[in-house]
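Hey, can you work out the whole structure from these sequences and the hints?
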Amino acid sequence: MRCFKTAWFARAAKKARISDRELSNAITQVMLGQADDLGGGVFKKRLNKNEHRAIILSKANDIWIFEYVFAKKDRANIDEAELKAFRALARAYATMTPQQIKTLLENKNWIEILREYK
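Here numbering that gives the first Met the number 0 is used: the first residue of the sequence shown is 0, the next is one more, and so on.
Just so you know, the hints here were simulated from the structure itself, not pulled from any lab data. There could be a bad hint or two in this list.
[Claimed, not checked] Straight line, CA to CA, 25 Å or less: simulated BS3-like cross-link-like pairs of lysine-lysine: (1) K43 with K13; (2) K43 with K107; (3) K13 with K71; (4) K83 with K43; (5) K58 with K43.
[What the hints assert, rightly or not] Pairwise CB distance ranges, derived in the manner of DEER restraints: (6) D73 with T96: 34 to 44 Å; (7) D73 with Q98: 31 to 41 Å; (8) A75 with Q98: 37 to 47 Å; (9) T96 with K48: 30 to 40 Å; (10) A59 with Q28: 10 to 20 Å; (11) K72 with A93: 29 to 39 Å; (12) I110 with A70: 18 to 28 Å; (13) K107 with E21: 18 to 28 Å.
The beta carbon of each residue, even a glycine, is placed where N, CA and C say it ideally should be.
Structural data, given as C-alpha coordinates:
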(Lines of atoms letter the chains of each structure in order from A and count residues from 1; the text may use other names and numbers.)
(Lines give C-alpha, C1' and ligand atoms only; values in the text may rest on other atoms or scores of the structure.)
Protein backbone atom coordinates (compact mmCIF):
# COMPACT_ATOMS: atom_id res chain seq x y z
CA MET A 1 0.00 0.00 0.00
CA ARG A 2 1.16 3.52 -0.78
CA CYS A 3 -0.30 6.79 0.42
CA PHE A 4 0.21 10.26 -1.04
CA LYS A 5 -0.95 13.81 -0.56
CA THR A 6 -1.13 16.30 -3.36
CA ALA A 7 1.00 19.43 -3.12
CA TRP A 8 -2.16 21.48 -2.60
CA PHE A 9 -3.33 19.15 0.16
CA ALA A 10 0.10 19.28 1.83
CA ARG A 11 -0.04 23.08 2.08
CA ALA A 12 -3.62 23.07 3.36
CA ALA A 13 -2.91 20.31 5.89
CA LYS A 14 0.15 22.14 7.18
CA LYS A 15 -1.93 25.29 7.66
CA ALA A 16 -4.58 23.21 9.49
CA ARG A 17 -1.88 21.50 11.58
CA ILE A 18 -2.69 18.02 10.31
CA SER A 19 0.36 15.78 10.59
CA ASP A 20 1.47 12.93 8.35
CA ARG A 21 1.03 10.63 11.36
CA GLU A 22 -2.64 11.62 11.55
CA LEU A 23 -3.00 11.02 7.80
CA SER A 24 -1.41 7.59 8.14
CA ASN A 25 -3.79 6.72 10.97
CA ALA A 26 -6.71 8.01 8.91
CA ILE A 27 -5.87 5.68 6.02
CA THR A 28 -5.81 2.71 8.38
CA GLN A 29 -9.26 3.73 9.59
CA VAL A 30 -10.55 4.18 6.02
CA MET A 31 -9.37 0.67 5.18
CA LEU A 32 -11.31 -0.61 8.22
CA GLY A 33 -14.47 1.05 6.91
CA GLN A 34 -14.35 3.99 9.32
CA ALA A 35 -15.01 6.68 6.71
CA ASP A 36 -17.80 7.77 4.42
CA ASP A 37 -17.54 5.84 1.15
CA LEU A 38 -18.89 8.27 -1.44
CA GLY A 39 -18.53 5.73 -4.25
CA GLY A 40 -16.27 5.60 -7.27
CA GLY A 41 -13.07 5.48 -5.22
CA VAL A 42 -13.92 8.62 -3.23
CA PHE A 43 -13.89 8.67 0.57
CA LYS A 44 -14.54 11.37 3.14
CA LYS A 45 -12.70 11.15 6.46
CA ARG A 46 -12.81 13.29 9.58
CA LEU A 47 -9.45 14.71 10.68
CA ASN A 48 -7.97 16.99 13.30
CA LYS A 49 -10.32 16.16 16.18
CA ASN A 50 -13.32 16.41 13.84
CA GLU A 51 -12.46 19.98 12.79
CA HIS A 52 -11.62 19.10 9.17
CA ARG A 53 -12.73 16.71 6.46
CA ALA A 54 -10.47 15.10 3.91
CA ILE A 55 -11.43 13.80 0.49
CA ILE A 56 -9.33 10.73 -0.25
CA LEU A 57 -9.16 9.00 -3.61
CA SER A 58 -8.29 5.34 -3.96
CA LYS A 59 -6.71 3.36 -6.74
CA ALA A 60 -7.97 -0.19 -6.13
CA ASN A 61 -7.39 0.15 -2.37
CA ASP A 62 -3.67 -0.10 -3.09
CA ILE A 63 -2.86 3.58 -3.60
CA TRP A 64 -4.52 6.32 -1.54
CA ILE A 65 -4.34 10.02 -2.39
CA PHE A 66 -5.31 12.81 -0.02
CA GLU A 67 -6.81 15.21 -2.54
CA TYR A 68 -8.82 17.87 -0.70
CA VAL A 69 -9.35 19.14 2.84
CA PHE A 70 -11.86 21.59 4.25
CA ALA A 71 -12.81 22.91 7.66
CA LYS A 72 -16.14 21.70 8.99
CA LYS A 73 -16.89 25.23 10.22
CA ASP A 74 -16.51 26.61 6.67
CA ARG A 75 -18.71 24.13 4.83
CA ALA A 76 -20.83 21.11 5.62
CA ASN A 77 -19.88 18.97 2.65
CA ILE A 78 -18.78 18.91 -0.97
CA ASP A 79 -21.49 19.46 -3.56
CA GLU A 80 -22.66 17.04 -6.26
CA ALA A 81 -20.54 18.65 -9.00
CA GLU A 82 -17.42 18.34 -6.85
CA LEU A 83 -18.22 14.72 -6.07
CA LYS A 84 -18.56 13.96 -9.80
CA ALA A 85 -15.20 15.66 -10.43
CA PHE A 86 -13.53 13.66 -7.65
CA ARG A 87 -14.97 10.43 -9.03
CA ALA A 88 -13.63 11.30 -12.49
CA LEU A 89 -10.23 12.06 -10.98
CA ALA A 90 -10.27 8.72 -9.10
CA ARG A 91 -10.98 6.95 -12.41
CA ALA A 92 -8.05 8.79 -14.01
CA TYR A 93 -5.77 7.86 -11.12
CA ALA A 94 -6.85 4.22 -11.52
CA THR A 95 -5.24 4.13 -14.97
CA MET A 96 -1.90 5.59 -13.86
CA THR A 97 1.26 3.60 -14.38
CA PRO A 98 4.09 3.33 -11.85
CA GLN A 99 6.15 5.63 -14.11
CA GLN A 100 3.45 8.30 -14.04
CA ILE A 101 3.36 8.12 -10.24
CA LYS A 102 7.14 8.39 -10.14
CA THR A 103 6.94 11.51 -12.33
CA LEU A 104 4.35 13.09 -10.03
CA LEU A 105 6.68 12.47 -7.09
CA GLU A 106 9.74 13.80 -8.90
CA ASN A 107 7.85 16.96 -9.91
CA LYS A 108 6.62 17.34 -6.32
CA ASN A 109 2.97 17.25 -7.38
CA TRP A 110 2.51 14.35 -4.96
CA ILE A 111 4.28 13.68 -1.68
CA GLU A 112 4.46 10.16 -0.33
CA ILE A 113 3.48 9.87 3.30
CA LEU A 114 3.23 6.13 3.85
CA ARG A 115 4.49 3.05 2.15
CA GLU A 116 3.99 -0.51 3.31
CA TYR A 117 4.87 -3.73 1.58
CA LYS A 118 2.66 -6.79 1.85
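Each hint tested on the structure:
1. K43 with K13: Between K43 and K13 the Cα gap is close to 19 Å, so the pair holds against 25 Å.
2. K43 with K107: 24 Å, holds
3. K13 with K71: Distance of about 16 Å is within 25 Å: holds.
4. K83 with K43: Distance ~14 Å between K83 and K43 Cα, so the pair holds.
5. K58 with K43: 15 Å, holds
6. D73 with T96: 34 to 44 Å: 36 Å, holds
7. D73 with Q98: 31 to 41 Å: 37 Å, holds
8. A75 with Q98: 37 to 47 Å: Since the Cβ atoms of A75 and Q98 sit about 39 Å apart, the hinted range of 37 to 47 Å holds.
9. T96 with K48: 30 to 40 Å: 38 Å, holds
10. A59 with Q28: 10 to 20 Å: 19 Å, holds
11. K72 with A93: 29 to 39 Å: 33 Å, holds
12. I110 with A70: 18 to 28 Å: 21 Å, holds
13. K107 with E21: 18 to 28 Å: 21 Å, holds
Going down the numbered hints, you'll see the structure goes against none, and every one checks out.
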